[in-house]
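Asks: Protein chains in written order, with the working numbering: chain D, 76 to 170; chain E, 16 to 472.
None of these hints come from the bench; they were simulated from the model.
Even for Gly, the Cβ is constructed at its ideal location relative to N, Cα and C.
Certain hints may be false.
[Unchecked claim] Have a look at the derived ranges for each label pair, beta carbon to beta carbon:
#1 D:L150 with E:T51: 53 to 61 Å
#2 D:A114 with E:M112: 48 to 56 Å
#3 D:L150 with E:A76: 56 to 64 Å
#4 D:A120 with E:L471: 54 to 62 Å
#5 E:E331 with D:E166: 35 to 43 Å
#6 E:D461 with D:S107: 22 to 30 Å
#7 E:D431 with D:Y160: 32 to 40 Å
#8 E:D461 with D:V109: 17 to 25 Å
#9 D:D116 with E:D114: 54 to 62 Å
#10 E:P106 with D:N153: 28 to 36 Å
#11 E:K465 with D:D116: 16 to 24 Å
#12 D:S107 with E:R458: 38 to 46 Å
#13 D:S107 with E:E284: 22 to 30 Å
#14 D:S163 with E:M112: 37 to 45 Å
These are the residues of each chain, in order.
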Amino acid sequence: MPNRPSRRDVLTAASVGLAAMAVPGVAAARSSQVSTVNAMDKEFAKPLSEDAKKLLAESLKGIETASTDRLKTKLPENSEPCFTYFPSSREVRGK
Amino acid sequence: MSISPFSSIRQMSKALADRKVSSVELTQMYLGRLKTIAKGHNAVAELTESLALEQARKADASPGKSVLNGIPFGVKDLLATKGIPTRWGSPGHADQMFDYNATIVQKLEDAGAVLLAKLEMIELAGGGNYNVANASRMGPCLSAWDKTLWAGGSSSGSGASTALGCVGFSLGSETSGSIVCPSAFNGCTGFRPTYGRVSRHGAMALCWTLDKLGPICRSAEDCGIVLDAIAGPDPNDGSAMREKLNLRSRGPKPKIGLVKEKFKDSKAEVCEKAYQNVLDVLRKQGYETVEVAYPDLPYSPAIDIIVNAEGASAHEHFIRGERFQMLQDINQVAGFAAALEVKAVDYLWAMRLRSEALKANAVWDKCDCIFTPAFYHKAIPADQPFDKTWVNMGGDEGPSNLLGWPAMAFPIGFEDGAPIGGQIIAPAMREDVCFRVVRDFQRKSDFHEKHPAEALS
């Protein structure tokens with residue numbers, strides 16, 4: 076079990092927040108998730124069950140929330156990510 | 016033959032060297048226990064009986080090859096094993112077979128160790144955010160101590176089988192908690208090494224930049240022996256580090272950092288007592304402690320984004336394929352599918368945060384390691400969704416996994432008859448500090464020598 080807030084935790088927090096606000100944007104966001112789920116469903120080899128679609132919509136909401144929340148942590152402008160590409164003349168890296 | 020299935024690696028090695036037992040006998044003993052006890056806990060993915068007996072005969076014919084020669088072990092079913100199914104705990108990968116061994120499996124084979132079984136795990140290491148213990152091909156893996164409790168994940172079978180004395184030792188993997196959790200829930204000692212210390216070649220990727228492989232054993236001593244055998248560079252894994260592992264820590268006793276714990280808020284009186292007992296035992300041996308704090312950064316959300324993005328990429332073919340919905344837990348279907356939608360800018364933010372999080376290394380100016388409970392409570396029930404039961408569990412909320420720091424989980428007490436665990440976290444490449452502190456604690460305590468009643472009968 077990962078030691079971190081799960082998407083479910085994030086979602087729960089988000090749901091509480093959304094319910095408290097009850098703003099018109101909520102309906103638009105839900106509609107956007109439904110259309111995303113339907114679009115995604117067409118890309119899978121087999122259609123998702125209705126239960127899976129509901130959970131997918133919730134998970135997508137969690138990902139959106141994480142995407143918004145992370146903006147609260149400002150990183151130094153132009154800071155580097157923690158990986159570096161090493162050029163190699165070999166066909167496979169690490170060999 | 017008179018050797019306990021809970022014997023240490025050195026005890027078994029000595030018994031083998033003294034011809035008091037043969038590797039074939041040890042192997043048969045453990046195979047028998049895997050078939051009965053471990054299977055009753057849904058801990059076995061695949062027995063490798065004929066291979067094991069062949070390897071055991073070879074080990075008996077060449078004594079003294081290494082301390083692991085003739086010692087039977089099991090591996091998490093996420094590691095490739097030549098010609099043996101490797102299903103990653105997933106019903107959708109039921110017929111998957113590789114024609115090569117993972118580097119660490121090969122290293123152990125070269126050392127003369129005997130592969131008994133592939134051990135069950137949470138499907139795809141739980142990357143889709145599983146919510147039930149049943150997120151595993153063989154059903155919920157049950158705690159070695161109480162079959163109503165979960166064995167932890169995602170290295171579930173490795174933790175349960177080791178605690179039940181069904182293997183000499185086992186291998187697990189951790190992206191974010193998967194060695195520490197089953198070690199804590201089963202009363203094992205598990206060693207999550209520094210990222211890159213052990214080659215990942217042949218291991219299922221959940222998250223290339225976070226995955227670590229390490230031993231789950233019954234003591235720090237055993238963990239040290241196994242880690243020594245599997246660590247090292249590998250031409251097949253560019254992330255495998257060249258620095259030599261040296262567990263022989265010398266000099267003054269490491270200073271132990273203590274982060275602010277939430278025992279009261281988490282209703283964790285039992286864990287608090289166990290925690291204080293560990294500190295008492297260590298202080299009597301001359302260890303000093305100091306309060307420390309990490310910089311306040313969103314370590315866990317960053318891990319979440321990274322695991323989502325890398326996991327979805329690593330398994331994209333499967334996610335978009337015919338078998339995707341064969342995953343046991345519908346939450347995993349939803350989670351992996353949703354992870355396809357993680358934005359590149361979010362992933363890059365998380366990887367930039369990881370650079371920023373290196374500031375947390377300042378904590379090592381004040382101490383040499385950190386002691387914290389693995390969780391505040393014993394294992395959760397195996398038959399209820401985690402979002403209902405994973406309450407007040409706590410756990411390391413610091414940067415240790417994000418920054419690839421090593422940790423050793425070890426048993427520190429019991430809550431209602433089930434084990435609770437602690438962990439020693441150390442700076443990158445300082446596995447020797449984890450090893451020294453836990454070994455010293457285990458020399459003066461016996462929690463690691465207690466075994467489930469079922470396994471003793």
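Asks: Are the hints correct? Go through all of them and say.
Replies: Against the structure, the hints come out as follows:
no., hint, verdict
1, D:L150 with E:T51: 53 to 61 Å, "holds, 54 Å"
2, D:A114 with E:M112: 48 to 56 Å, "violated, 35 Å"
3, D:L150 with E:A76: 56 to 64 Å, "holds, 59 Å"
4, D:A120 with E:L471: 54 to 62 Å, "violated, 49 Å"
5, E:E331 with D:E166: 35 to 43 Å, "violated, 23 Å"
6, E:D461 with D:S107: 22 to 30 Å, "violated, 58 Å"
7, E:D431 with D:Y160: 32 to 40 Å, "violated, 52 Å"
8, E:D461 with D:V109: 17 to 25 Å, "violated, 57 Å"
9, D:D116 with E:D114: 54 to 62 Å, "violated, 36 Å"
10, E:P106 with D:N153: 28 to 36 Å, "violated, 46 Å"
11, E:K465 with D:D116: 16 to 24 Å, "violated, 51 Å"
12, D:S107 with E:R458: 38 to 46 Å, "violated, 60 Å"
13, D:S107 with E:E284: 22 to 30 Å, "violated, 47 Å"
14, D:S163 with E:M112: 37 to 45 Å, "violated, 31 Å"
Checked against the numbered hints given earlier, the structure breaks hints 2, 4, 5, 6, 7, 8, 9, 10, 11, 12, 13 and 14 and satisfies all the rest.
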